[in-house]
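Please put together the full structure from these sequences, using the hints given.
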Amino acid sequence: MSVAVMKTKAETSLDEDFQKLRDRLPGGSGVLAVRNAAHQLFAERGLPHRRIEEWKYTDLRNAMKEALPVSIGDETPVTIADLIVALGPFAHVDAQRVVFVNGNFRKELSSVDAQSGVSVESLADKLEASGDADSGLLGEFGEGAPDDDVIVALNTAYSTDGTVVQVEPGAKIEKPLLLVYMRAGREAAFTAVRNVIEVGAGAEAQIIEAFVSLPGAADAGQANAVTRISVADGAKVAHAKCAADHGGQVTHLGNWAVHLGKEAQYDGFQLTQGVSLARHQIFVTFGGENARLDLSGIFLGRNNDHIDTTLVVDHAVPSCESRELFKGVLDDRARGIFQGKIIVKQIAQKTDGKQMSQALLLSPDAEFDSKPELEIFADDVACGHGATCMELDHDLMFYCRSRGIPEDVARVLLIESFIGEAIEKIEDEAVREAFTASAVSWLAAKK
Amino acid sequence: MLEIKNLHARIVEEDKPILKGIDLVVPTGEVHAIMGPNGSGKSTLAYILAGRDDYEVTEGDILWNGESIVEMEPDERAAAGVFLAFQYPMEIPGVAGLTFLRTAVNAVRKKRDQDELTTPEFMKLVKQKAGELNIDIEMLKRPVNVGFSGGEKKRSEILQMSMLEPMLCVLDETDSGLDIDALKVVSDGVNALRSPERSMLVITHYQRLLNHIVPDKVHVLAHGKIQRSGGKELALELEKSGYAEFSEKAA
Chain A
1 MSVAVMKTKA
11 ETSLDEDFQK
21 LRDRLPGGSG
31 VLAVRNAAHQ
41 LFAERGLPHR
51 RIEEWKYTDL
61 RNAMKEALPV
71 SIGDETPVTI
81 ADLIVALGPF
91 AHVDAQRVVF
101 VNGNFRKELS
111 SVDAQSGVSV
121 ESLADKLEAS
131 GDADSGLLGE
141 FGEGAPDDDV
151 IVALNTAYST
161 DGTVVQVEPG
171 AKIEKPLLLV
181 YMRAGREAAF
191 TAVRNVIEVG
201 AGAEAQIIEA
211 FVSLPGAADA
221 GQANAVTRIS
231 VADGAKVAHA
241 KCAADHGGQV
251 THLGNWAVHL
261 GKEAQYDGFQ
271 LTQGVSLARH
281 QIFVTFGGEN
291 ARLDLSGIFL
301 GRNNDHIDTT
311 LVVDHAVPSC
321 ESRELFKGVL
331 DDRARGIFQG
341 KIIVKQIAQK
351 TDGKQMSQAL
361 LLSPDAEFDS
371 KPELEIFADD
381 VACGHGATCM
391 ELDHDLMFYC
401 RSRGIPEDVA
411 RVLLIESFIG
421 EAIEKIEDEA
431 VREAFTASAV
441 SWLAAKK
Chain B
448 MLEIKNLHAR
458 IVEEDKPILK
468 GIDLVVPTGE
478 VHAIMGPNGS
488 GKSTLAYILA
498 GRDDYEVTEG
508 DILWNGESIV
518 EMEPDERAAA
528 GVFLAFQYPM
538 EIPGVAGLTF
548 LRTAVNAVRK
558 KRDQDELTTP
568 EFMKLVKQKA
578 GELNIDIEML
588 KRPVNVGFSG
598 GEKKRSEILQ
608 MSMLEPMLCV
618 LDETDSGLDI
628 DALKVVSDGV
638 NALRSPERSM
648 LVITHYQRLL
658 NHIVPDKVHV
668 LAHGKIQRSG
678 GKELALELEK
688 SGYAEFSEKA
698 A
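Just so you know, the sequences run in chain order A and B. Residue numbers for the first sequence follow the numbering used here, so the first one is 1 and each next one is one higher. Residue numbers for the second sequence follow the numbering used here, so the first one is 448 and each next one is one higher.
Treat the hints as calculated values from the structure; they're not laboratory data. A couple of the hints might just be wrong.
[Claimed, not checked] Here are the in silico distance ranges between beta carbons for each label pair:
no.	chain 1	residue 1	chain 2	residue 2	range
1	B	Lys679	A	Val412	43 to 51 Å
2	B	Glu520	A	Ala378	49 to 57 Å
3	B	Asp562	A	Ala201	54 to 62 Å
4	B	Gly513	A	Asp365	43 to 51 Å
5	A	Leu374	B	Ala691	54 to 62 Å
6	B	Ala543	A	Gly28	54 to 62 Å
7	A	Glu433	B	Glu523	31 to 39 Å
[What the hints assert, rightly or not] Lysine to any residue pairs mimicking SDA-like chemistry, simulated, CA-CA at most 20 Å apart:
no.	chain 1	residue 1	chain 2	residue 2
8	B	Lys600	A	Met397
9	B	Lys588	B	Glu599
10	A	Lys425	B	Pro540
11	B	Lys588	A	Val78
12	B	Lys557	A	Val409
13	B	Lys558	A	Asp408
14	B	Lys588	A	Ala430
15	B	Lys463	B	Asp500
16	B	Lys557	A	Val412
17	B	Lys600	A	Asp395
18	B	Lys588	A	Gly420
19	A	Lys425	B	Val593
20	A	Lys425	B	Gly594
21	B	Lys558	A	Gly420
22	B	Lys558	A	Met397
23	A	Lys425	B	Lys588
24	B	Lys600	A	Pro77
25	B	Lys588	A	Asp408
26	B	Lys588	A	Glu429
27	B	Lys588	A	Glu421
[Unchecked claim] Non-contacting residues of chain B with respect to chain A, defined by C-beta distances greater than 10 Å in every case (computed):
no.	residue
28	Leu471
29	Pro484
30	Gly498
31	Arg524
32	Thr550
33	Val555
34	Pro567
35	Ile584
36	Met586
37	Ser596
38	Gln607
39	Glu644
40	His670
Beta carbons: idealized from backbone N, C-alpha and C, even for Gly.
Structure below.
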């Protein structure tokens with residue numbers, strides 16, 4: 001039995017925007033067919049709500065009451081100096097930059113080195129140039145990842161742009177690739193971007209996604225970002241994302257689909273701060289034996305921030321290793337959610353999987369919900385999970401203060417100590433320092 | 448000069464009196480030892496001097512250079528020159544020893560109206576002081592006390608003490624968990640800080656530490672009160688007779 005549910009204001013306006021804008025979105029008729037199908041899925045299901053098990057703690061339908069106008073063909077003037085300001089500590093990372101403003105690629109702000117074996121292109125350019133040959137860039141979320149996720153469908157329908165990266169087998173991206181998605185200008189907008197990253201066998205890449213905003217940008221913003229990344233046999237990828245905004249009513253809906261080949265190594269990291277509503281979904285599928293996954297992240301919330309990280313790690317083959325470590329710092333009435341599902345298929349013997357989520361609550365009104373889910377069908381595995389929730393250590397606080405460190409400084413120091421274990425997972429020193437500096441600036445911004 | 452007057456204190460949560468009228472004066476430039484059986488209130492006294500808020504002073508006062516410090520926050524006391532070397536120094540994962548030291552030193556200097564140390568000035572000072580305590584500078588690049596042996600932790604405490612240049616050093620069972628060699632290094636570090644301007648209160652259960660850090664006076668604390676005071680020979684006497692005399696007194 002299907003029950004007709006009243007569309008919310010957000011659902012109605014997203015629907016209307018699609019009818020209005022679909023002919024202006026990049027891609028030929030084949031791409032449009034993919035977008036139409038995705039939009040149809042969204043129109044039928046609407047935004048996910050709390051009666052859907054995976055969305056129990058994040059009632060998006062209720063939390064995202066209104067949708068902002070969809071951004072398309074944005075031309076907000078932005079200078080290199082603006083870019084540096086918006087990037088904050090990430091400006092110090094010696095990286096190749098691919099820059100988007102309100103979901104639109106900006107060649108003049110970007111700096112990509114020509115390197116043999118590596119191609120970096122704008123998704124919009126690629127869709128426009130190839131007609132329908134590349135409709136799969138939008139049509140497939142990722143091997144092993146769900147093909148009917150509504151948030152991903154919304155992204156498929158609306159994506160205006162994004163980055164397509166191809167690293168040929170054996171090649172190595174020399175400098176980190178920094179994909180910058182910036183909010184700028186007074187117009188509050190909904191943006192949808194899509195990245196497709198393919199790293200060939202034995203290749204190496206370091207990719208950072210930075211979702212930032214220019215000071216003076218509209219107080220509100222909604223971003224829907226999808227990254228599909230495939231790491232072929234023996235390839236090594238470090239992939240990090242920073243969703244750091246300046247407060248206001250900022251929503252971030254993020255999706256990563258990661259597919260790992262044999263003996264691949266993938267280190268993923270996510271930092272969320274200054275975002276009022278975030279839902280990060282990460283789907284990882286092991287497609288070949290002896291691959292290694294290291295996922296970690298930090299979520300920082302205050303006021304009424306709501307930050308949800310939902311992982312699904314699928315051990316579909318034997319002898320792979322997965323590690324997850326997520327740490328949250330929650331103040332005021334902020335709420336953090338961690339859902340970590342580890343699936344170990346029957347054939348996936350010798351799986352080694354460990355998961356940990358920890359939150360530091362700085363206020364009696366802050367809340368952390370952690371839901372580890374282990375679905376183990378193999379019998380020869382080593383899997384474990386843990387979750388903790390704590391306050392700042394009273395004894396450590398006294399120790400710091402007895403050394404003359406004032407309370408506010410000691411708090412920041414101890415919070416840094418708490419999140420440090422996750423940040424230390426980032427191997428590249430310059431990148432690690434940028435993430436640390438970003439988190440510290442949030443800690444120090446407490447009024 | 449430290450003056451403790453009729454000090455009564457209790458554990459806040461348990462409403463249990465621990466100190467029941469301590470009177471003690473440590474003149475500037477002197478080193479006094481406090482000895483006593485387990486559970487006598489020695490560590491409580493150390494914590495109260497440093498300002499730990501798990502304890503509440505219910506009566507009496509603590510004067511440091513003539514001013515009451517009872518209402519002062521722990522960091523204000525540190526700036527005023529009070530330093531407590533912990534019996535169990537704490538580990539702070541994720542914070543490098545050097546960062547911690549520099550944050551502490553500059554916080555204290557700022558409150559004392561001294562210029563903050565620049566990085567080269569700080570590094571020069573820390574290298575010199577660490578060298579005197581046989582501490583490898585590489586150890587200080589690691590998180591504070593994480594993975595340190597008992598001896599390393601105590602040396603790290605004395606390094607902090609030396610860097611913060613306190614005028615009142617309170618050493619809480621600094622000898623616990625130290626082997627003979629480590630005891631010698633730590634004691635030498637403490638002795639190097641002895642000066643006519645600096646007072647020290649050395650809390651210990653055993654006499655052995657006082658062979659290395661020779662006190663001007665020894666006090667016996669039991670049942671929350673100073674039961675007896677004397678010269679350094681009192682420590683030797685206690686080593687022979689034990690604390691039985693003081694537990695009988697209570698009974």
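Hint check:
1. B:Lys679 <-> A:Val412: 43 to 51 Å: About 45 Å separates the Cβ atoms of Lys679 of chain B and Val412 of chain A, which means 43 to 51 Å holds.
2. B:Glu520 <-> A:Ala378: 49 to 57 Å: holds (56 Å)
3. B:Asp562 <-> A:Ala201: 54 to 62 Å: holds (58 Å)
4. B:Gly513 <-> A:Asp365: 43 to 51 Å: holds (44 Å)
5. A:Leu374 <-> B:Ala691: 54 to 62 Å: holds (58 Å)
6. B:Ala543 <-> A:Gly28: 54 to 62 Å: Because 55 Å falls inside the window, the suggested range holds.
7. A:Glu433 <-> B:Glu523: 31 to 39 Å: holds (33 Å)
8. B:Lys600 <-> A:Met397: holds (18 Å)
9. B:Lys588 <-> B:Glu599: Status holds; Cα separation ~14 Å.
10. A:Lys425 <-> B:Pro540: Satisfied, since the Cα-Cα distance of roughly 14 Å is no more than 20 Å.
11. B:Lys588 <-> A:Val78: Judged against 20 Å, a Cα distance of about 41 Å means the pair is violated.
12. B:Lys557 <-> A:Val409: Holds, at roughly 13 Å.
13. B:Lys558 <-> A:Asp408: holds (15 Å)
14. B:Lys588 <-> A:Ala430: holds (18 Å)
15. B:Lys463 <-> B:Asp500: holds (14 Å)
16. B:Lys557 <-> A:Val412: holds (18 Å)
17. B:Lys600 <-> A:Asp395: holds (16 Å)
18. B:Lys588 <-> A:Gly420: Holds, because 14 Å separates the two Cα atoms, which is no more than 20 Å.
19. A:Lys425 <-> B:Val593: Roughly 18 Å separates the two Cα atoms, so the pair holds.
20. A:Lys425 <-> B:Gly594: holds (19 Å)
21. B:Lys558 <-> A:Gly420: violated (28 Å)
22. B:Lys558 <-> A:Met397: At roughly 19 Å apart (the allowed maximum being 20 Å), Met397 of chain A and Lys558 of chain B satisfy the hint.
23. A:Lys425 <-> B:Lys588: holds (17 Å)
24. B:Lys600 <-> A:Pro77: Cα-Cα ~56 Å, so violated.
25. B:Lys588 <-> A:Asp408: violated (23 Å)
26. B:Lys588 <-> A:Glu429: holds (15 Å)
27. B:Lys588 <-> A:Glu421: holds (15 Å)
28. Leu471: holds (20 Å)
29. Pro484: Its Cβ never comes within 10 Å of chain A, the nearest being 24 Å, so this holds.
30. Gly498: Violated: least Cβ distance 7 Å, not greater than 10 Å.
31. Arg524: violated (8 Å)
32. Thr550: violated (6 Å)
33. Val555: violated (4 Å)
34. Pro567: holds (21 Å)
35. Ile584: Answer for Ile584 of chain B: holds, closest chain A Cβ roughly 19 Å.
36. Met586: Holds: least Cβ distance 18 Å, greater than 10 Å.
37. Ser596: It holds; Ser596 of chain B is separated from chain A by about 19 Å at its closest Cβ, greater than 10 Å.
38. Gln607: It is violated; Gln607 of chain B is separated from chain A by about 6 Å at its closest Cβ, not greater than 10 Å.
39. Glu644: It holds; Glu644 of chain B is separated from chain A by about 19 Å at its closest Cβ, greater than 10 Å.
40. His670: holds (26 Å)
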